[in-house]
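Visitor: Residues per chain, in single letters:
Number of protein chains: 2
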Amino acid sequence: MLLNNIEEVKKNIKEWKKEGFKIGLVPTMGALHAGHLSLIKKAKASCDKVVVSVFVNPIQFGPSEDFDKYPRTLDADERLCNREGVDIVFAPSPKEMYGDAGRLSNDTLTYVCPPFFYVNKLCGKTRVGHFDGVCTVVLKLFNIVQPDYAFFGQKDAQQVVIVKKMAADLNVPVEIIQCPIVREESGLALSSRNKYLTDEGKKDALVLSKILNNIKTCYQKGITDVSALKETAYSFLTDKHELEYLEILDKNTLEEKLHADNNSIVLIACRVEGVRLIDNTYLGGI
Amino acid sequence: MLLNNIEEVKKNIKEWKKEGFKIGLVPTMGALHAGHLSLIKKAKASCDKVVVSVFVNPIQFGPSEDFDKYPRTLDADERLCNREGVDIVFAPSPKEMYGDAGRLSNDTLTYVCPPFFYVNKLCGKTRVGHFDGVCTVVLKLFNIVQPDYAFFGQKDAQQVVIVKKMAADLNVPVEIIQCPIVREESGLALSSRNKYLTDEGKKDALVLSKILNNIKTCYQKGITDVSALKETAYSFLTDKHELEYLEILDKNTLEEKLHADNNSIVLIACRVEGVRLIDNTYLGGI
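One line per chain: the protein sequences are F and Y, in this order.
The numbering of the first sequence is the numbering used here, which starts it at 166 and goes up by one.
The numbering of the second sequence is the numbering used here, which starts it at 166 and goes up by one.
Please note that a few of the clues may not be correct.
[Said to hold, decoys possible] For lysine-lysine, the following DSSO-like pairs were computed, each having C-alpha atoms within a straight-line distance of at most 30 Å:
no. : chain 1 : residue 1 : chain 2 : residue 2
1   : F       : Lys176    : Y       : Lys175
2   : F       : Lys329    : F       : Lys395
3   : F       : Lys179    : Y       : Lys329
4   : Y       : Lys209    : F       : Lys182
5   : Y       : Lys183    : F       : Lys179
6   : F       : Lys187    : Y       : Lys183
7   : F       : Lys206    : Y       : Lys179
8   : F       : Lys175    : Y       : Lys176
9   : Y       : Lys175    : Y       : Lys260
10  : F       : Lys183    : Y       : Lys260
11  : F       : Lys179    : Y       : Lys176
What the hints contain is simulated information worked out from the structure, not anything from laboratory work.
Work the whole structure out from these sequences, hints included.
Guide: In structure tokens, the structure reads:
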């Protein structure tokens, strides 16, 4: 069932709560791919009712970012959700979510602001305000859908850490479930932004997963010095690659370390053909 | 029942939700007086279960404010709540609410930040960060108690407007109930901070309600010019009074106006004996 209206969603949720159903939420920006599909399947397997939200959230895009050209494929998204037995596809308009506030800003809207320590690094360093926008819309969706579980992909690693931190800090009664990255056979992490790439760009984009794999191999061979591990990346980069960051941090706290260990996560952001791509891998387990 | 522990509160709430009980929350900083009592009575009259939180919230006090000396009277508060048939008095420690975060700041904690337009005036002008702290703790309490209704006193008028705006902006599934100011026979609005005043100070403090009443009378006589209405205040002020603000604004949006109307609210903050007191009145109805 496709719904655009918050009140209609809430009416359904109220009925489900009365029945004692476990509710799962998969928040997405649409342009669904096999990565999203893995979240939806996990939600279906563990919940009685599943809501997939499809909303390209204006307040998490910077003024020079790709909000306008971000891929929108609602018909295909809805078909895919129906095939998976999703109960509600919630696809609100920006107006439905933020009202007639005109220019959306913290002058007129309440924002949920995750802590600077988690935000002022990695993607947050260049995407100023991005995680405020993410946490705000995620909390709104949580309040509308009131799910027992919400499913997030590990590909946006910083996002998952921040959403978990936000949920803990604000006592949000939703369990955050983190699901592994889905990759093409080539190793390329699935992303809605891969649609922007030419075939050649997709080949150049393999450098992200190659760098991560190489660092993991070096770590497993006994190299733990973070600088040394990071330096192994440079032999992979060509003039097709504009590296934005490569970091090895604590996977839960995003703290910097001198030496990598089994709690470390390696994170990379790199532009290929002007498209900003991100990827990450754990050195130990999840 | 006095509870200090979040998980214990949640356990009770879960049981109540199963039974379909309507839950009311009265968030307070303790030092309960007849103003709080009116909120509790209203909650008891309209809800099956009532939770009163008693928490002097460190993150809504500025570094030079009265956090340390704010009156704490938990035993008396608990007795009063028991007498009114309150089901849970929730009195957590700062550590229970904010963990071992050390210095509490937006470097390490997620904050809920209401819009600048509502914050950068009245009490928010001098109490920088105050309403971020208020909204953060209110949302935490909402998430812990998951009430159907939450009861706030009209005395903190800016707070009520901001909490309502926050609830609307973030789709918080809680109805905010606003309750009228309770006054001593003299006209003095009840406040936990009145305890700081000497008998003489209490007399000097009557100037707040006198100024408000006089403006209301002038308005009812046909004066609507905001500057003219505000000027009527100065004849009441002596060297015992340190006026912080006197404003006539739209009661819902806190917008400034040239002419008062039935949607206007008059708000005053004034120090007496160094104690910061606030009061307000509607020119029309609520």
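Visitor: Could you run down the list of hints and mark each one as holding or not?
Guide: Against the structure, the hints come out as follows:
This hinted pair checks out: Lys176 of chain F and Lys175 of chain Y have alpha carbons roughly 24 Å apart, not beyond 30 Å. Distance check on the hinted pair: Lys329 of chain F and Lys395 of chain F sit about 27 Å apart at the alpha-carbon level, within 30 Å; holds. Distance check on the hinted pair: Lys179 of chain F and Lys329 of chain Y sit about 22 Å apart at the alpha-carbon level, within 30 Å; holds. Under the criterion of a C-alpha separation no larger than 30 Å, the hint pairing Lys209 of chain Y with Lys182 of chain F is consistent with the structure, at around 25 Å.
Between Lys183 of chain Y and Lys179 of chain F the alpha-carbon distance is near 13 Å, which keeps this suggested pair within the 30 Å criterion. Among the hinted pairs, Lys187 of chain F with Lys183 of chain Y is consistent with the structure: their alpha-carbon atoms are about 13 Å apart, no more than 30 Å. Straight-line distance between C-alpha atoms of Lys206 of chain F and Lys179 of chain Y comes to about 28 Å, which keeps the hinted pair within the 30 Å bound. With a CA separation close to 24 Å, the supplied pair Lys175 of chain F and Lys176 of chain Y stays within the 30 Å bound.
For the hint pairing Lys175 of chain Y with Lys260 of chain Y, the CA-to-CA distance comes to about 17 Å; that is within 30 Å, so the pair holds. This hinted pair does not check out: Lys183 of chain F and Lys260 of chain Y have alpha carbons roughly 35 Å apart, beyond 30 Å. A distance of roughly 21 Å separates the Cα atoms of Lys179 of chain F and Lys176 of chain Y; the hinted pair therefore holds under the 30 Å criterion.
Checked against the numbered hints listed earlier, the structure breaks hint 10 alone; every other hint is satisfied.
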